[in-house]
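If you read the protein sequences in the order shown, they are chains A and B. If you're matching positions, the first sequence starts at 1 in this note's numbering and goes up one per residue. If you're matching positions, the second sequence starts at 1 in this note's numbering and goes up one per residue.
No wet-lab data here; the hints were simulated from the structure. Treat the hints loosely; a few may be bogus.
To be verified - Below are the DSBU-like pairs computed for lysine-lysine, each with C-alpha atoms no more than 35 Å apart in a straight line:
no.	chain 1	residue 1	chain 2	residue 2
1	A	K18	B	K374
2	A	K229	B	K374
3	A	K18	A	K58
4	A	K272	A	K72
5	A	K214	B	K374
6	B	K374	A	K272
7	A	K132	B	K374
Claimed, not checked - Which stretches of chain B does chain A cover? Using the computed rule of at least three CB atoms under 8 Å from a CB of chain A, they are:
no.	region
8	205 to 212
9	216 to 229
Just so we're clear, the structure is a prediction, and the values are computed from it rather than from any experiment. Cβ atoms here follow ideal geometry from the backbone N, Cα and C, with glycine treated the same way.
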Amino acid sequence: MEESEPIINSHALTRDFKDTRAVDSLDVSIQAGELFGLVGPDGAGKTTTLRLFAGLLKITDGSATIAGFDLKSQPESIKARIGYMAQQFSLYAELSVLENLKFFAEIYDVDTRVLDERTGRLLNFAGLTEFKDRRAAHLSGGMQKKLALACTLIHQPPILLLDEPTTGVDPISRREFWNILSDLHGGGTTIIVSTPYMDEADRCSRVGLMYEGKMVICAPPQDIRAQIKGEVIEILPVGWQAAHELIQDMPGVLEVQTYGEALHVLVDSAEKRMPEIEQGLDAHGIQYHGIRLATVRMEEAFISLISQMEH
Amino acid sequence: MSYRHIWAVTRKEVLHIFRDRMTFILVLITPTMILLLMAYALTVNLEHIPIAVLDYDRSYTSRSFIQQIVAGNELDLYAQVDSLGEVEDLLLRGEIKAAVVIHPAFASDLLALRGMPLQVIIDGTEPDSGGFAVEQIALRAEQIISAILTRQVQALGISIDTVQPVDLRVRTWYNPSLEPKNDLIPGLISLVLGFPALSVALTLAHEREHGTLEQLLATPISRIEILLGKMIPYIVVGLFNVVMIPILAMLWFRIPFNGNFVLFFFLSVIFLFAMVSMGIIIGVFMRTQAAALALSFLLIFFPAFFMTGIFFPIESMPEIVRLEALGLPGTHYAIITRGIFLTGVGLDILWPYAAMLFGLGLAFTGVAALFFRKRLA
């Protein structure tokens with residue numbers, strides 16, 4: 001990656017609410033064109049971080065520049081260059097799809113000569129053309145999210161700040177939404193997106209893991225997965241409770257997670273532990289359909305990192 | 001300031017008013033409806049008030065006096081009693097609102113032109129009907145006295161022309177029939193036009209509650225553009241009531257409209273500006289619609305009811321309240337509406353009130369803009 005001035009750059013960015021420090025000395029620099037995923041447990045400070053970047057909250061301490069403007073002194077210049085999408089659905093329910101788009105076009109001073117062409121293109125892009133006269137209140141959850149995204153794109157901002165844009169949306173709409181994000185990413189837009197879904201984090205070019213207001217890790221997804229010291233063994237036992245209890249106390253086992261009927265066991269070395277587990281299960285008369293080596297997923301990495309910090 | 005931004009917010013808000021049933025009713029229907037209801041509730045004519053009579057005189061004169069008192073529709077003779085104890089009993093049980101006590105010397109004093117020994121007892125807990133009864137009794141007594149006076153003067157052989165009885169005539173200007181509703185309805189307009197102000201407070205709180213304000217604050221629109229864009233539609237739509245109410249007042253309540261309608265309309269625009277800017281202050285400070293609603297009643301409707309002189313004369317209030325009343329748009333507008341409806345005065349008289357309204361509107365809008373931050377917390 002060539003070294004240029006980062007499009008978002010924060011130094012010791014801090015925000016307090018009454019008694020809590022929601023964002024604690026955040027240092028992050030994001031290059032133009034990145035698709036940056038913001039993950040972390042609820043209350044880690046993801047929403048506050050995005051709101052700070054959007055100029056919606058006053059900075060308690062520290063500083064940040066966004067698109068070359070100082071966040072503290074020039075928030076309105078920044079607002080013209082970002083598209084911000086709040087977590088909650090925040091469009092006008094009584095307005096139609098097209099009326100919502102045109103409203104934001106006027107607020108963002110979109111040239112009237114290109115307005116029709118651009119709304120048409122965005123409707124098409126979001127797959128909302130045939131619903132353009134429908135009231136926003138009567139759209140499905142997925143369509144509402146796509147409309148909200150279209151509204152934040154109306155002024156073609158170089159930076160997008162999206163706060164959990166796919167929460168509460170069905171998997172198909174979720175995939176459609178991410179395909180749109182990939183297109184935008186391909187077009188050079190810088191995207192910062194917070195998400196509770198680890199498969200989404202995996203699609204980002206870089207992931208920042210937040211915990212208690214701090215950025216704990218900030219790296220490409222594969223690097224985060226590689227940080228996990230250990231390997232994952234997947235077991236399909238008959239009745240997982242007994243197997244879970246047995247395995248979690250065995251030597252070399254770092255973490256046991258359940259996936260439906262399956263157990264994912266994080267161990268220091270699969271080569272060494274797999275036979276031990278097999279012997280243990282046999283000794284206790286616990287039957288199993290299969291045992292195999294699995295790849296570490298973002299989900300395991302995330303839970304493992306968070307539980308490390310909690311201990 | 002970008003007119004395009006203001007227009008975008010205004011147009012969106014108009015669509016909201018017409019598409020959201022609650023807002024539509026609150027802004028367009030409620031003011032006129034409430035005015036109708038209150039006008040009826042507050043101007044019921046008093047009739048058939050039950051009274052008792054305690055006649056110690058039992059003369060021809062006293063009996064004819066009693067007959068005359070209850071001759072009309074206003075007072076009904078509920079009972080003729082023999083003691084004050086009975087009077088008290090009836091008053092306490094609420095069966096009568098007033099009692100007339102005729103003293104033993106009633107006839108003789110009257111005929112000798114020594115006056116009229118008469119006592120009226122009223123239920124002070126119901127001053128309206130009691131006071132009305134006293135008025136009626138006094139009116140009848142006056143008629144009887146003048147009849148007797150004329151007769152006695154003639155009997156004494158004096159020419160009526162040489163006697164100069166006091167000729168007292170009360171002449172009421174502007175509301176000659178002293179109809180309470182003539183005075184009340186123009187005053188009530190200032191009260192019911194509080195509803196557009198309430199709506200604007202609610203709409204801003206609504207945006208905050210539903211997150212649409214967060215989205216709006218993340219755009220480069222300026223604070224004053226948001227506020228003006230929100231205020232303008234409620235002023236304009238509120239004017240529907242400004243047109244409806246005089247029509248209703250004239251055709252339905254037969255209230256005179258002596259002034260210039262165009263002047264009334266334009267001064268109402270200024271009044272609505274002042275009221276709506278009061279509403280926007282509430283919207284700026286309150287986080288939820290419930291809180292905005294509660295504060296609107298406290299700051300808009302409650303003072304409009306008690307402090308603007310619609311029902312209670314401002315002159316009778318303590319100085320501190322009178323000063324406070326000056327800061328309420330309704331105080332000035334009540335003078336304007338009564339002036340235009342009843343007196344028919346023009347801008348030469350009303351300009352100071354119009355100027356006060358405009359000044360209040362500017363001040364309120366300024367305060368709202370000052371405290372409205374383009375941030376969330």
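Checked hints:
1. A:K18 x B:K374: holds (20 Å)
2. A:K229 x B:K374: Cα-Cα ~46 Å, so violated.
3. A:K18 x A:K58: At roughly 13 Å apart (the allowed maximum being 35 Å), A:K58 and A:K18 satisfy the hint.
4. A:K272 x A:K72: Violated. A:K272 to A:K72 sits at ~55 Å, over the 35 Å cutoff.
5. A:K214 x B:K374: holds (26 Å)
6. B:K374 x A:K272: violated (60 Å)
7. A:K132 x B:K374: holds (30 Å)
8. 205 to 212: Per the Cβ count (3), the hint holds.
9. 216 to 229: Result for this restraint: holds, n = 7.
Violated hints for the displayed structure, listed by number in ascending order: 2, 4 and 6.
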